[in-house]
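Q: Keeping their order, the protein sequence lines are chains A and B.
Using the working numbering, you'd call the opening residue of the first sequence number 643 and step up by one each time.
Using the working numbering, you'd call the opening residue of the second sequence number 428 and step up by one each time.
Hints in this document: simulated from the structure, not taken from any laboratory.
Mixed in with the good hints, there may be bad ones.
From chain A, some residues computed to sit far from chain B (all C-beta separations above 12 angstroms) [stated by the list, open to error]: (1) 685; (2) 709; (3) 727; (4) 785; (5) 810; (6) 906; (7) 973; (8) 1065; (9) 1084.
With a straight-line Cα cutoff of 20 angstroms, these simulated DMTMM-like cross-link-like pairs (lysine to aspartate or glutamate) come out [unchecked claim]: (10) 988(A) x 810(A); (11) 1025(A) x 707(B); (12) 781(A) x 830(A); (13) 972(A) x 663(B); (14) 929(A) x 830(A); (15) 929(A) x 917(A); (16) 448(B) x 430(B); (17) 1025(A) x 950(A); (18) 1067(A) x 433(B); (19) 972(A) x 707(B); (20) 447(B) x 1094(A); (21) 447(B) x 430(B); (22) 913(A) x 924(A); (23) 699(A) x 677(A); (24) 750(A) x 735(A); (25) 939(A) x 810(A); (26) 447(B) x 1103(A); (27) 939(A) x 924(A); (28) 972(A) x 1038(A); (29) 448(B) x 1079(A); (30) 901(A) x 1094(A); (31) 448(B) x 950(A); (32) 1056(A) x 525(B); (33) 733(A) x 718(A); (34) 744(A) x 725(A); (35) 753(A) x 725(A).
Beta carbons: idealized from backbone N, C-alpha and C, even for Gly.
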Amino acid sequence: MSTVASIALVSVASPAMAGDVYGPYPITLKGYSGDKTNSVSYSGQVGRQLLHNSLKKAIGSGASLDVTMSYFNGADGELPLLDPKSSDSFKVDVTDINTVSKTNLSGKAYKGSLPGWPGNMTGKEALESMITMAAATEKGYDAEHGYDYVQLVSKFTMGGVFYHQACDNYLDEKMNADNKPNDKPYKDGAYYTGKEHSWDEAFGYWGAAAHGATLSPKQNYDITKKKNMRDADANGDGLVNLKSEMNYAHAYYAAGFDKGGNTNYYNTITKAFIDGRQIITDAKGEKLSDAQRRGVKRHARTICSNWEKVIAEAVFKYAGSVYSNIEAVKATMGGNMWKVNGSAEKTEHQAALRKYAKYWGELAGFSLSLHASGVNLGEIGVKMDRLVGMGPVMPDGTQVNGMSNGTYTVASGKSMDGFAVHMLKLQNLMVEEFGVEARNNDKISGISNLAEVLGSGNSAEND
Amino acid sequence: MIEWIDIIWSDLASQFFNPKKRLFLGYLLSASVIATAWLCLIKRHSIGSAISTFFDRKIWLSRSSRQDLASFLINRVIFFWLRPVLVTQLAIATLIFELLHQQTMIPLGLFEGAGYWTAALGFTLFFFLFDDFTRFVVHFALHRIPALWDFHKFHHSAETLTPLTVTRTHPVEGLIFTARSALVQGVTIAGFVFLFGNQVDLLTIFGVNIFVVTFHGLGSNLRHSHIAIRYPQAVERLLMSPAQHQLHHSQSEKHYDRNFGVALSVWDRMFGSFHHSVSETLSFGIGKETARFTGSIWSMYWLPVSSLARRITRALFANTRQVASAIPRFRARNY
């Protein structure tokens, strides 16, 4: 086959189109005389994605507080990448996070208050507290209070750092006319403009692969699961470039929801990033006109409203998981909780509780994240926090309700059945207030579907 | 203004184009075919005679039928405004579903392993039976409780019966029917989802409850008609024939308070109100009261309300003995 014929075949077979890939974009900065040809840069954000992945891994493997904090605060010297690690089937191009970017998570964490977490802390303080508490547990699991710090830290880092920075900072005030203008470099010596880099940074926090919009939800999902080297390696160099060929954090969750076929979050958000970036690029290093800024802000709204829905979908999903696991825990409670450690019944009960804590940790991490966008959720936020609780209701009827002198306080006399009802109400809240559509682990649709198919009972008919 | 006229109009149209509704054109057509076939095959009419009998102008264009139409239109408007404040079956189902979590006797998902078909068949059958039984109970109460009978007279004041007579209903009755329906649906949905999980489904034809399609498709609209289709006695002991319901509308004293059932007649047998259909010609209405009650469409709507107001006034101002006599009693109606 001739070379020309091969290229033609590839072009026809591949769904990829230049307009569906984030970058490269030309240098537009006026007066730039260096040798850079691509103005896209978000290595700091990729560095934070890798810090988050590794922090999660470190807590889950029982690493010391020094080690876990090094992934939260950053560290000098080599900072080993714990996830994703190279394997025979999925080779990545990074082993030391500091070679991507020497950065940290703590400096970018949400500094607003977080009433849904014990101790009346800011988002940043809550993360520090969780990491500290995790170090005193076995691999991040606090069986007494039902806390899975692996999930709590991970899910709230995604919201309290990535979502917060993108939607409460880069796509918010940094898109205003006088903030990081497009006719000036982002900072002295930079080769990209203020608006270009602000937009790129938000894209980096979103966590999608640059070519992700050319792939199906399943392909994108499998990339994060390290099951799909072929689709990840867009440039065909035999390695997955973690700066541009990997899906992280909420982008991965969006692909997961889209797999169900009811939603298209991943592409909607990623394409809005691409379209917004094109408007900025088309300004050719001049200040954005009013029309251009309106266009960019419209795309920013699309991004953040859909991003919020992705997180709300996760709240919905894990409320369903917690609901199911309450039943699983109850099924193992027939006196098993009092049996000696090591007995089969006790082991089964402990395993059920472990899963319950894991799912509640994910639920709480995601629900706390919804507070970090800079938009005050008001009554909805209060309702959500009360339904989720500051901890899961445990089989002995206790539930964390605050913190005093660095230790959790608990309320007693709580009912797991009542908590299960909270999960149903939480799913309803996500439907009514956030309009979630993927609805994984749906525990309420049975009722609404049947009500719909039976039809309205409003009738003025006699018999 | 234009918007709500539009909504009312589409609501009106849905009464005839939605197969969930009894007046769906498909059901009216099947009723016409069944009536014509009955007249030709059983009553030995020619096809022309059968059609002219079925579409008898004296029935379809009677004063009573015109009142049916007027009340149908007025009620649609009234319910358009009431609908937003009515409690829905979804709200009731959600509340009961949540309450079920608070009890400990019946575990959640007790029959979750039963499988789709068991759950769906169980739900559909239970709903049909429960719905039909509660219709019987409400209908029974409308006749036997004097204050309710005042409102139900609205329906029974019809002197000719057509399919539209089904909508000849006082709004207060309509509210009672709506509450019953919402409660039955809410309880059934919540109970089944709690026991069987999300696999519960309704068995449907064209998206409508299989029993509803069968009941309406087999001529439920003929219950309110002048075509007295009778079933064999063995069948009438199980299913309510159109002629049995027409007997329920008879103003002959010997037929008072008979055949309250809708689809099934077993409830009437259980509660002693069963009556087979009869071959005699029946006259419909509420006896001597008919003329005064149907004097105008206004009097039809107003008289039950004024009657209730009188009962309340008596109850409030009469002495103890009078109060006792004003309390609704279970007794046969008295024309």
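Q: Taking each numbered hint in turn, which are not upheld by the structure, reported in ascending numerical order?
A: Of the numbered hints, 7, 8, 9, 10, 11, 12, 13, 16, 18, 19, 21, 23, 24, 29, 30, 31, 33, 35 do not hold.
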